[in-house]
Every structure is written in C-alpha cells, then in structure tokens.
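Student: Listed below are the residues making up each chain.
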Amino acid sequence: MKRYNLTAALGFFLIIQIAQSQITVNLALNSRPQPWLSQWVNPINGQMIITYMQGPVQGDAQVKLRTTLLDESGSIIGASNINASRVYTLKVGVNLFTMADALQLQNLVLSGKVQNTLQRTGRLIAGQYQLKVEVVNVSGDVVFARQTHPFFITSYQLPKLMVPADGTELDARVAQSLITFRWTGLIPNTSELPTYRVQVFEILPGQTPMQAFRGNYPILDEPALHGMTQYVWRTNLPMLDNTANQKFIWTVQTLDMEGHPIPSNDMNIQGRSEPAVFTIINQMGAGDKNKKNED
Amino acid sequence: MKQLKQTAVIIILLLGLQANAQEKKYAFSIKGDMGIWYEGYGLDKNPNPAVPDFYSARKPWNLVRYSFNPTFSVGKWEIPMNFNFSPMITNFTTPAGTKQSVWQFLTNPANNFGLRPKIGTTELLLGTQTLKYSDLSTGDLGVFGYGLNLSPGKFRIKLFKGVSQSSVNYEAPTLPNPDGVIGAYQRKQWMAQLGLEKEGSYFTGFNFVKSIDKRNSVSSPPLSPIDPQENMVVTFLTTANSENGWKYHMELGQSFHTLNLNTPLSSVPVEDFKPFIDAHISSSKDNAVLLGIAKKGQDWEIGTKFKYFGAGYFTAGYPFMNNDLIDYLIDARFNAWKKKMNVVASIGERFGNLSRTSGPDKTRQIIANVNVFTQFSDRLSLNLSFNNFGYNAPDLSGYKSVSNELSVNPSYSWSSTKMSHLISATYTKSTYDETIIFVTTHNNTQTALLLYVPTFFDKKISPDFSLMWFKNTAPSIDLTLVTASSGMKWKVNQKFNLKGQLQYNLTTMKPFTANKNLLATAGYEWEIYKKLSWQFSMTANVFKFGTELPGNSLIPIYSGNPQYFETTMRTGLLYKF
Chain A
1 MKRYNLTAAL
11 GFFLIIQIAQ
21 SQITVNLALN
31 SRPQPWLSQW
41 VNPINGQMII
51 TYMQGPVQGD
61 AQVKLRTTLL
71 DESGSIIGAS
81 NINASRVYTL
91 KVGVNLFTMA
101 DALQLQNLVL
111 SGKVQNTLQR
121 TGRLIAGQYQ
131 LKVEVVNVSG
141 DVVFARQTHP
151 FFITSYQLPK
161 LMVPADGTEL
171 DARVAQSLIT
181 FRWTGLIPNT
191 SELPTYRVQV
201 FEILPGQTPM
211 QAFRGNYPIL
221 DEPALHGMTQ
231 YVWRTNLPML
241 DNTANQKFIW
251 TVQTLDMEGH
261 PIPSNDMNIQ
271 GRSEPAVFTI
281 INQMGAGDKN
291 KKNED
Chain B
296 MKQLKQTAVI
306 IILLLGLQAN
316 AQEKKYAFSI
326 KGDMGIWYEG
336 YGLDKNPNPA
346 VPDFYSARKP
356 WNLVRYSFNP
366 TFSVGKWEIP
376 MNFNFSPMIT
386 NFTTPAGTKQ
396 SVWQFLTNPA
406 NNFGLRPKIG
416 TTELLLGTQT
426 LKYSDLSTGD
436 LGVFGYGLNL
446 SPGKFRIKLF
456 KGVSQSSVNY
466 EAPTLPNPDG
476 VIGAYQRKQW
486 MAQLGLEKEG
496 SYFTGFNFVK
506 SIDKRNSVSS
516 PPLSPIDPQE
526 NMVVTFLTTA
536 NSENGWKYHM
546 ELGQSFHTLN
556 LNTPLSSVPV
566 EDFKPFIDAH
576 ISSSKDNAVL
586 LGIAKKGQDW
596 EIGTKFKYFG
606 AGYFTAGYPF
616 MNNDLIDYLI
626 DARFNAWKKK
636 MNVVASIGER
646 FGNLSRTSGP
656 DKTRQIIANV
666 NVFTQFSDRL
676 SLNLSFNNFG
686 YNAPDLSGYK
696 SVSNELSVNP
706 SYSWSSTKMS
716 HLISATYTKS
726 TYDETIIFVT
736 THNNTQTALL
746 LYVPTFFDKK
756 ISPDFSLMWF
766 KNTAPSIDLT
776 LVTASSGMKW
786 KVNQKFNLKG
796 QLQYNLTTMK
806 PFTANKNLLA
816 TAGYEWEIYK
826 KLSWQFSMTA
836 NVFKFGTELP
846 GNSLIPIYSG
856 NPQYFETTMR
866 TGLLYKF
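Heads up: the protein sequence lines correspond to chains A and B, in order.
According to this note's numbering, the first sequence is numbered sequentially starting from 1.
According to this note's numbering, the second sequence is numbered sequentially starting from 296.
It is possible that part of the hints are untrue.
[As the list claims (entries may be wrong)] Far from chain A, some chain B residues (derived; all Cβ distances over 12 angstroms):
#, residue
1, R411
2, Y543
3, G592
[Said to hold, decoys possible] DMTMM-like cross-link-like pairs, simulated, lysine to aspartate or glutamate; straight-line CA separation at most 20 angstroms:
#, chain 1, residue 1, chain 2, residue 2
4, B, K635, B, E596
5, B, K602, A, E134
6, B, K602, A, D166
7, B, K766, B, E700
8, B, K354, A, E222
9, B, K839, B, D339
10, B, K354, A, E202
11, B, K657, A, D266
12, B, K427, A, E274
13, A, K113, B, D656
14, B, K602, A, D266
15, B, K354, A, D221
16, A, K113, B, E566
17, B, K657, B, E644
18, B, K600, A, D166
19, B, K394, B, D474
20, B, K427, A, D166
21, A, K91, A, E134
22, B, K695, A, E192
23, B, K724, A, E169
24, B, K695, B, D656
25, B, K340, A, E222
[Said to hold, decoys possible] Restraint ranges, calculated between C-beta atoms of paired labels, are given here:
#, chain 1, residue 1, chain 2, residue 2, range
26, A, T51, B, D474, 40 to 46 angstroms
27, A, T168, B, A779, 24 to 30 angstroms
28, A, S191, B, T750, 57 to 63 angstroms
29, A, L225, B, N847, 19 to 25 angstroms
30, A, L225, B, F629, 41 to 47 angstroms
31, A, S191, B, F450, 53 to 59 angstroms
32, A, F152, B, L677, 50 to 56 angstroms
33, A, T168, B, T750, 24 to 30 angstroms
Derived from the structure by calculation, the hints contain no laboratory data.
Note that the coordinates shown come from a computational prediction; the quantities given were computed from them, not determined experimentally.
Every residue gets a Cβ at the ideal spot worked out from N, C-alpha and C, and that includes glycine.
Hey, can you work out the whole structure from these sequences and the hints?
Tutor: Printed below as a string of structure tokens:
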C-alpha cells in the first residue's frame, strides 16, 4: 500500500512539474483546408506546433491530444476518443505535427449526419467549422494547452456542359464556320473568377469517344474570355471529307488563378467536366458514311 | 516484367489459336478491311515569331494511323480483330512520356489492339476491349488485357482483367519539355458479370468492377493530388422487354472508393469490403440507382428514366461520371396528322449537390426540348425546334443561367425533267442569361442560313451554295460573322469522284474592322481496284486579321495586319478483304 501511495505521489508530482513547465499549442490551420479530411496530412492544410518549455524536472513530456470538432454555432459535432488517442512524447522546444495528427480522423467519433456524410463522401457538409485541440496528460484529466481555430470547408462542382449537349447533331453548313459552346459556372463561386478552357477532340474513324478524349491531341484548346461561360469557336473546318470532322468530344477544363486545375469531386483531378459528344451532319458526300464513326 | 508476361500470354494465346486452326485445316475465310491514313499539317504565321503568339497549331504536324479490322473464319472459329493505332504520341488528357515503351504503346488509350476469337458460346477477349456491362459499372474505357465470355444456355459469365492506364513516371518541368510530365500509376482493372439472359426478353445479373493503382509501378511517382486510388463497384442489373412493347430497366450499385492508397489502413470511416477492399482512412462508400420504363406503340413511344448517384459513387469504368445528383427525364415521340408530322420531345430535371458539400442548397437544372417536323406536301416541309436549359445554384452568390433556343427550318423543293431544286432556310435565335454574383448578363445569338442545292439528272456535277449570317451580342461583345460557301461533287467516272469546297468568311467584332478568311478544299476518292480505294484531300486556310489584332500590338511591332496560312493534307488507302 505504501508503495502504491508513493507511486501515486510521484506521478502527481510529475504532473505538477509538467504543468509548471510550459506547453503551448498553435494551430496554423489553413482557413480553407482541403475538403477531404483524409488529405489533411498534406502541408497545404497547415500544421500544428506544440512548444514544450522544460520545467524544473528534466525529461520529455508524454501527452495525448483531445480533438473536438464544432459547427458554426459552437455545437459539438465530433470528438476524439481520448482512450484510443496516441501518446506523444514531446521533446523540449518546438514539436511539429500535421493537421491530420491534430484532427485524428481515425479516432474521431462524429454525430450521425456528419458521420454519414463522411462515410459516403470523405468530406464534411460545406460550411464554417471550428477545430479545438487540447494537449492533455496521458490519462486525459489535465489539460496543458488548448487552441480553437475556425475554418471554412467547401468542395467545388465542375461546370456542366450545356450546348452542344451530349448527342447533339449540328448542321455542317453552320458548323463549318462556327460552333457555340456553353456551360454552367463553377459551383460555388470563387472570389477570383476561374479560367475555363474549351477543349475539343476529333473522334477519328475507328475510335470510341473516350478513346479520342484520352488519346488524341485537341483540335481546340482555348480559354474563354475571363469568367465567361460561352465560347464561339470559329472552326474554319472543311466539311466534305467523309473521314474527317464528323464527330467530336468536348469538355471544359476549369483552372484557378495560377492555372492549376480546380480540385473537384471526380476521379481524375484534372478539373475537366464530364465530356459530351456531338456529330456534324449533312456534310457534302458524307451520306451514310456519317455512321462510320459510330461504335 | 509483369506487363511483359501479360503481353506474352496474350500473344501465345493468339498464336495457339491460329496454330490450332491451321493444324485442323478447316475452311478459311477472311473479310473486313485494313488501311493507312496520314494527315500532314502546316502553319505559317506572319509575323513569326510574335508576342503574344496570336495563333497556335491545332494539330500535330504529322499523324499516321493504321487500321486492320479483319474477321477470320476458321471452321467453327470466328476471329474478329480490331487494330487501330498510331506510332505517334498524341496524348493530351492522359500523361505520356516523350518516348513510350512497347507496353506503353500497347496500352496507350489512343491505340486499339483487340481480338475476340469465338466458337459457339465461348468468346475469348484479348488485347484492347471496350466492354460495356452496364451504366453503373463499366462501359467507357478501353482496357488492355484478357478475358472470357461464356453463354451456356441462359447463363452469362463474363470475366476480364487488364490495364486501363499504363504507368508513366513524373518528370519535372525542364527544358526542352517545359510542361514536364505529370505521371500516372498503372491502373489495373478486373471486371466480371454473372447473369441470366433470354435474348430479347430479359437479363438479370451482377456486375463487379475493381480497379487499383499500383503504387510500385513508377520509379518517380506523380505528385499529389495525383494519388494512387482503389475502386470497387458491385451492381445488380435487370432489364426486361414484354411482348406488348413495355421495356423495364433497373440497376442498383454500390461503390467502395479509396482516394489515396498512401493513407493508413483504417476501419474508420468505412469498414473493409472483404475480400476485395481493405479500407483506408480515405475510403468512402456510396450508392447509385437507375430506373427506366418505356412503352412503344405503332406510331408512338414514351419513356421515363430516373437516376440517383450518391456524392461518393465512383466507378473506374466511367471515370468522368458526374455524381451527387438526382435526375429524371421523360422522352416522347409520336406521329400525327396522317403521319405527316413527327414530334420528338423530352423534359427533364436534375438536382445536384444533394450532399451539400458544395454549398448550402441543391442545384437545379432543367432540360426541355421539342422538335416538330412536318411534311406539308411533296415539296414543302418545316422543322421547328425549341430547347431550354436552365441551371440554378441558389448559394450565397446565386449563380443562375437560362438558355433558350428556337429554330425554324422550312425547305422547299421542285423539279423539272432535267433537274431538281432544293431551297432550305434556317433561322435560330438563342438567348443566354447568366447571373453571377447578382449581376445578370444577356448573351444572345442569331443565326440565319440559306441553302440552295440544284441536282442535275443528266450531269455528273452536284453543286451546292449556302449563305450564313451569325450575330452574337453580349456585354463588350458585338460579333458578326458572314459566310459564303459553295461545294461541288463531280463524278468523273464510276471509279473516280472529285470534290471541292470554297468558303469565305468575314468576321467583325465591333468596333474593329473585319477579319477575312478564305478556306479552300479539294479532294478525290479513287477506286483503284475493286478492293482498294484511295482518298485524298487538301485544305488551305488563309486568315487575315482586321484591326481586332493590330500589328503594332505585337512584339516586335509589325506594320501590316497579322495573318496566318494553314494547310491540312489528308490521305488514306483502304483495302477491303
């Protein structure tokens, strides 16, 4: 019993010493982090800095992190399970952590609707949130430091191609001079207007549309006027050769101010909208050979 | 090494099939075609060089493509081949290095090397195959590999394994390649379908599609956000047709998707899908539904489709598929007025951002169109069409766009004993209103087209003439385009056809003077032998800018009006077996 009391007293003493030493936490979280919470390991989302200034007792400090996710109104929508939290040993001075360490996604218990959205999409519903991180002792009953940081999360939906819609047939006598392309804007709006590049690929004889899209060099790759969602392509294409200029696949690539593809909810991470196919009909001498490209 | 093994397996299987066929000395026949196709492109600019570069080449300078599409019949075996390929690298949306290995050449999405030997109810699939199992599983992509289709009785068994993207190492942007190479992981794909079918009556079965990016397939991996992914889709598909014209379609799908295989294994947020998927912290799971019903009558048809794609529904078989949406569409077609009138109409509505991950509200899109064709008499017909597209994203900034397009196209024809005449006119008015950050812009276009086609009964010449006028008005845009165009076909003899086309464009963007453009094309089709034909065409395009691009705005300063001269030469030889 005496030994037990002695151990408890020593433990209490150490906690007091650590408490007397100074631990601070600084959440340098990007105010608009990536919407996929699993990607918070990337430096672009920021980092967490825990500074440990030694007290009178020499040695490293063992701590755990307690993470709480709050919505805009301050209501708790998720919290980490302190029993399953990883134990960190702080070295004296500055200790750097990724935002994934701060978030503890594997260990985060979310409320029903938020959990459901995360399971289905890997993301949170768009909106304002707060991340609270507390540095606590191993048993979780003493808080050494805490910080709360707000962040806004949203993911972008790429434009939808409107005109020509998928499967449209265009008259050769008009299409030989111009084709008008229209699409919807990026959702939600960005503070800086994005750049839309219109890209058109000719589907060569024997190719499927997706084969042409993935393998061919575009016959058109031009930016629309800044912020505009329409592009008039002055085609200047002959319309009498039955092996050429009959079927096309087009898309819009959405780029940010620096020319990088807008991150969006697709598998390709190229900022390219779901492509659409259009066919040019009534070409001179094309006749039934219009069907040649059809697979 | 694995790729080489896979290629070797395919080649051995092919040779085995052919050797087997030769040994048994079955009757042999071949039908189909083969060809070679070349396109040469040229561009001369004046001034050149100039900053900014006022016109970019829009095609590769040289492009050669080969096609070889025979179907061999050896006894009971039937071996269709589909080889369609280019030795050149023209990839744009998919990464490709400056040089490609044999494996990269075979798996390049631009190329197709496919064989489907078939005997009875057994079909082998070798090489590049674009397999459509269903709308929620796979159907878009060419995959290079091997597989099998079996259809004993009512059972349908399909299996395929292959590569839909070969590995490409990341290359940093440096001279002489300032764009660098973004790189790609090799993506392996497995597909299976197990079902029951009575042809023309019903199909019911399960589809399985799995893909995985091989992390060790590259020595220099692509940079984030291009991360190795894993995907698995399971769908249940049922289609049925009744004898009285009803058609039913239903598909339910569930996808498991791992955004980044480099993230730690974890049963949070979703659990493993054993034995196919070990869940990572970046894994998600979502569902999709497709429903359709249609009824066909003698002079009419009506159908409706419904689809729901959850925000986390992905399939490697359709990598560009939009998700996070619900939509419905109603299609109708019918004949009226003693079958002189044909009406085709559809209306649909789509709701997006159901997950609210892109804003606080759903987006709404309306698509409606109707086309009415009426044959009033032998001479007069009229085609009317109306299209409406609307898109509304009521988030804080309230994005909205509405496009309406009305088109009227009367045609009149008459004839004498020597010739017939066709006059066709088309007028299209299109309005496009877009609201961004509470500011609405009106973007309107009008197009008028007049076409005259005389046909001479006793001459070998068939000309046509057209005039087109186009106007686009929008804030800071007042664009007018006028085109005069004429084409002519001349059947010199039974084996030789000449074609030509001349097109003159005036494009005026107010307040500038007009850009002028002349495009001339000439070509022929020559049936050299009964089975061998040669096509050739040459196009020249001269474009001279007006004051829209003054020469003194370029560096170095140019005293005249900038211009460019573009040529395209296409030629192809086609041999029919």
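Student: Quick one, are K657(B) and D266(A) close enough, alpha carbons at most 20 angstroms?
Tutor: holds, 18 angstroms
Student: Using the Cβ atoms, figure out if T168(A) sits within 24 to 30 angstroms of T750(B).
Tutor: holds, 28 angstroms
Student: Are the Cα positions of K724(B) and E169(A) separated by 20 angstroms at most?
Tutor: Holds, at roughly 17 angstroms.
Student: Hey, K113(A) versus D656(B), does the alpha-carbon distance stay inside 20 angstroms?
Tutor: Holds, because 16 angstroms separates the two Cα atoms, which is no more than 20 angstroms.
Student: So the hint says 53 to 59 angstroms: do the beta-carbon atoms of S191(A) and F450(B) match that?
Tutor: holds, 58 angstroms
Student: What's the verdict on K695(B) and E192(A), does the C-alpha distance respect the 20 angstroms limit or exceed it?
Tutor: With a Cα-Cα distance of about 18 angstroms, the restraint between K695(B) and E192(A) holds, given a limit of 20 angstroms.
Student: Taking only the CA atoms, is the gap from K427(B) to D166(A) under or equal to 20 angstroms?
Tutor: holds, 18 angstroms
Student: Can you tell me whether the CB distance of S191(A) to T750(B) sits inside 57 to 63 angstroms?
Tutor: At roughly 60 angstroms between Cβ atoms, T750(B) and S191(A) fall inside 57 to 63 angstroms, so the hint holds.
Student: Mind checking the alpha carbons of K766(B) and E700(B) for me, to see if they're no more than 20 angstroms apart?
Tutor: holds, 14 angstroms
Student: Quick one, are K354(B) and E202(A) close enough, alpha carbons at most 20 angstroms?
Tutor: At roughly 10 angstroms apart (the allowed maximum being 20 angstroms), E202(A) and K354(B) satisfy the hint.
Student: Given the proposed pairing of K354(B) with E222(A), does the C-alpha separation stay at or below 20 angstroms?
Tutor: Roughly 13 angstroms separates the two Cα atoms, so the pair holds.
Student: For the pair supplied as a hint, K602(B) and E134(A), is the alpha-carbon distance within the 20 angstroms limit?
Tutor: Given that 20 angstroms is the threshold and the Cα spacing comes to 45 angstroms, the pair is violated.
The structure shown violates just one earlier hint, number 5.
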